[in-house]
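Chemist: If you want the building blocks of each chain, they are given just below.
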Amino acid sequence: MTLSEFYSSLSESLDEVLERLRMESRIVKYLGLFLSDPSFTELKEAFASNDAQTAFRAAHTLKGVAANLGLNKLSSSSSELTEDLRPGAFTANSPALLEKVELDYNAAVEGIKQLEQ
Amino acid sequence: MDEKRPLILIVDDVVMNRTLLSDILSDKYNIIEAQNGNEALLLLREKTSEISLVLLDMVMPEKDGIEVLAIMNKNGWINEIPVIMISGETAHSLVEGAYMLGVTDFIGRPFDEMVLKNRVNNTIRLYKKQKSLSDLVLNQIYEKTRNNSMMVTMLSHIVEFRNGESGMHVLHINTITEMLLRELLRRCKRNNITKYNINKNDIGVICTASSMHDIGKITIPDEILNKPGRLTKEEFEIMKEHTINCAQMLNAVPVGKDEPLMKYAYEICRWHHERWDGNGYPDGLKGDEIPIAAQIVSIADVYDALTSERCYKKAFSHEKALEMIHNNECGVFNPLLIECFDAIADKLVISLQAFDWSKQADKDFFYIADAMMNHSKHPIYNQVFRQFIDERKKSHFYESMLNGILFEYSYTPGVIKLSSKASKKLGLPRTIIDDYQPNNGEQSQASIENLEKIKKILRRHTVPKDRPTLIKQVFNIDGKSTPCNVKVLHIWTKGQNEAPVLTSMYGHIDISQ
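If you read the sequences in order, they're chains A and B.
FYI, in our numbering the residues of the first sequence are 1 to 117.
FYI, in our numbering the residues of the second sequence are 1001 to 1513.
Chain A with its partners taken away, still in its complex shape (with noise of 0.2 Å):
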């Protein structure tokens, strides 16, 4: 698979990346580092912990790493359950959010590693 067949294949587009951070390389690199990026793991942990700050944090955080690398469909997802936890709290909408998001995660994921190959 290309970089270009990655993108298309979530229905994004490689081209807004490639404006931003110049290099295919470049984005190959940050993409392979997502894969070990602890965010989404330390979100679910928070999650199965009922810690709702340190999800806040780490859905903040897969926002802006996720928007960074052209990932828009995760960062829209991540960004609506940061909207949700930044009072702090639970709510009754955020196991439906998180779902998203796991999602969204996964199939970035499993294309990622489908481009490495």
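If you're looking for bench data, these hints aren't it; they were derived computationally from the structure.
One should not assume that every hint holds.
Residues from chain B that keep clear of chain A, each with C-beta distances beyond 12 Å, as calculated [as the list claims (entries may be wrong)]:
#1 Asn-1030
#2 Arg-1109
#3 Tyr-1142
#4 Val-1152
#5 Glu-1160
#6 Asn-1245
#7 Met-1249
#8 Leu-1261
#9 Glu-1289
#10 Leu-1352
#11 Arg-1430
#12 Ala-1446
#13 Ile-1448
#14 Lys-1487
#15 Tyr-1506
Which chain A residues face chain B? A few, computed with CB under 8 Å, are given here [stated by the list, open to error]:
#16 Lys-44
#17 His-60
#18 Ala-67
#19 Lys-73
#20 Lys-113
Just so you know, even glycine gets a beta-carbon here, dropped at the ideal spot from N, CA and C.
On the provided structure of chain A, position chain B as indicated by the hints.
Modeler: Just chain B now, with coordinates in the frame of chain A:
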């Protein structure tokens, strides 16, 4: 031109974000990284004068970006180090809050490489320009003031030498005037006396003016000026004219009419022979009709004349001179100034004996630094940092000569710092942050105990005062339980109209027992 690459501090809790920024910027800049607010503050404290720019994330564990900014404001760092905030944060009020706390710019995520590079570059360039301009101004002012006071010293020495007196008289008057002024300011502040209308920033210029108190004597003929033995009544009348003559000379100077130096020089030259009861000359002014600068110089002049040898008299002892001043044998002085004189009398003897030219240069410098730092609109910080750096070098040197170990503690951020010797002897790291958890595997029981004991000393109740406190404490040194004398000094900082705040503590542990 071979210029040093500017240093950028990147603060972000996410490795990926730090790496990306560093990737983009490291071709033109040197980069250091911090992964939370506490680490960032430590680095800022260490390298205040080296860091050219901070790229700051907003949401972080430990201390977040806003807290870092608040402390940068409190310590004045924000005035010298530009901060660009980079965050995915979009909440209007938070972004506005960051601007209110002085960030130069705000870059949202996702960011564009080209925009980031240009903003970083522009910000560093602007600050550099501003810094070199303020350095330039500072150096100019310093040079100018130094040259001026050197000129004044030279001229007043020429007058002194014609009088056949040693050049020390001018220097003594300088020292006494300064000490009296400081004491007077203290007392005025304590007792809410405002009538004298002088403040700390006037000290330098009044001292310079005091050097000129006798320049009128160049108008007095040699045979009167240098006559051995007593002057006749007629001769004395001529001698007295040096006050009026000087005032006339200064009036005829075409420039500087509105300068404080000219005003004080005029007052001092004309009225430094007036007395509190109206029995002085030339105008017979009484009490506080005599400007305060002239009152101070008149006491200084009398004291130095009494304790110096002249062609017509021997030198009196310090005690005898004090007694004569108290008994009004040289005329009556302002009782408040007599009180001030008594208060500084002991210190005065030492200062006059230990007079040192190199210290005089230092003093000039501190007057200027003082005035600039206290400037209400444009305080200047760079010089302060340089001094700070010099102080650090100095204390490293002193410590290496010392038979003991040193530690220090700052309250925001809460950090204990140990000298390298202290770190070795106590078995602890050189820098210990408040929430530091000793690692049982690595740290011995003895060193953990030592840390607890230092923390105990830090927690002791204290009040604002300038004296060190002596504490007895047992430390485990080289595996032996060692009773030590610990001396600590607390530094309280007082802002304008604020209660003093404890900012840092310095300690010395005597391990020789």
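Chemist: Does each hint fit the structure? Answer for all of them.
Modeler: Verification of the supplied hints:
Against the 12 Å criterion, Asn-1030 (chain B) stays outside the reach of chain A, whose nearest CB is about 20 Å from its own CB. Its closest Cβ contact with chain A, about 4 Å, brings Arg-1109 (chain B) to no more than 12 Å, contrary to its assignment away from the interface. Distance check on Tyr-1142 (chain B): its Cβ is at least 47 Å (rounded) from any Cβ of chain A, clearing the 12 Å threshold; non-interface status holds. At roughly 62 Å, the least C-beta separation between Val-1152 (chain B) and chain A is larger than 12 Å, which holds for a residue marked as non-interface.
For Glu-1160 (chain B), the non-interface assignment is confirmed: its Cβ lies about 72 Å from the closest Cβ of chain A, beyond the 12 Å cut-off. In this structure Asn-1245 (chain B) is separated from chain A by more than 12 Å, as the shortest Cβ-Cβ distance comes to about 78 Å. Met-1249 (chain B), annotated as away from the interface, keeps every beta carbon of chain A farther than 12 Å; the closest lies near 73 Å. In this structure Leu-1261 (chain B) is separated from chain A by more than 12 Å, as the shortest Cβ-Cβ distance comes to about 59 Å.
No beta-carbon of chain A is positioned within 12 Å of the beta-carbon of Glu-1289 (chain B); the least distance is around 69 Å. At roughly 64 Å, the least C-beta separation between Leu-1352 (chain B) and chain A is larger than 12 Å, which holds for a residue marked as non-interface. No Cβ of chain A approaches the Cβ of Arg-1430 (chain B) within 12 Å, the least distance being about 30 Å, so the stated non-interface status holds. The Cβ of Ala-1446 (chain B) sits about 36 Å from the closest Cβ of chain A, beyond the 12 Å cut-off, so the non-interface label holds.
Interface exclusion of Ile-1448 (chain B) from chain A stands, the closest Cβ pair being 29 Å apart, more than 12 Å. Listed as a non-interface residue, Lys-1487 (chain B) keeps its Cβ farther than 12 Å from every Cβ of chain A; the least gap is roughly 43 Å. No beta-carbon of chain A is positioned within 12 Å of the beta-carbon of Tyr-1506 (chain B); the least distance is around 37 Å. The interface hint given for Lys-44 (chain A) is broken, as the beta carbon of that residue sits about 17 Å from the closest beta carbon of chain B, more than 8 Å.
About 5 Å separates the beta-carbon of His-60 (chain A) from the nearest beta-carbon of chain B, less than 8 Å, and the hint is met. Taken as an interface hint, Ala-67 (chain A) checks out: its beta carbon lies about 4 Å from the nearest beta carbon of chain B, inside 8 Å. A hinted interface residue such as Lys-73 (chain A) counts as satisfied when its beta carbon comes closer than 8 Å to some beta carbon of chain B; here the least separation is about 13 Å, so the hint is violated. Below 8 Å, beta-carbon pairs count as interface contacts, and Lys-113 (chain A) has none with chain B, the closest being about 17 Å; its hint is therefore violated.
The structure does not agree with the numbered hints 2, 16, 19, 20 stated previously, though it agrees with the rest.
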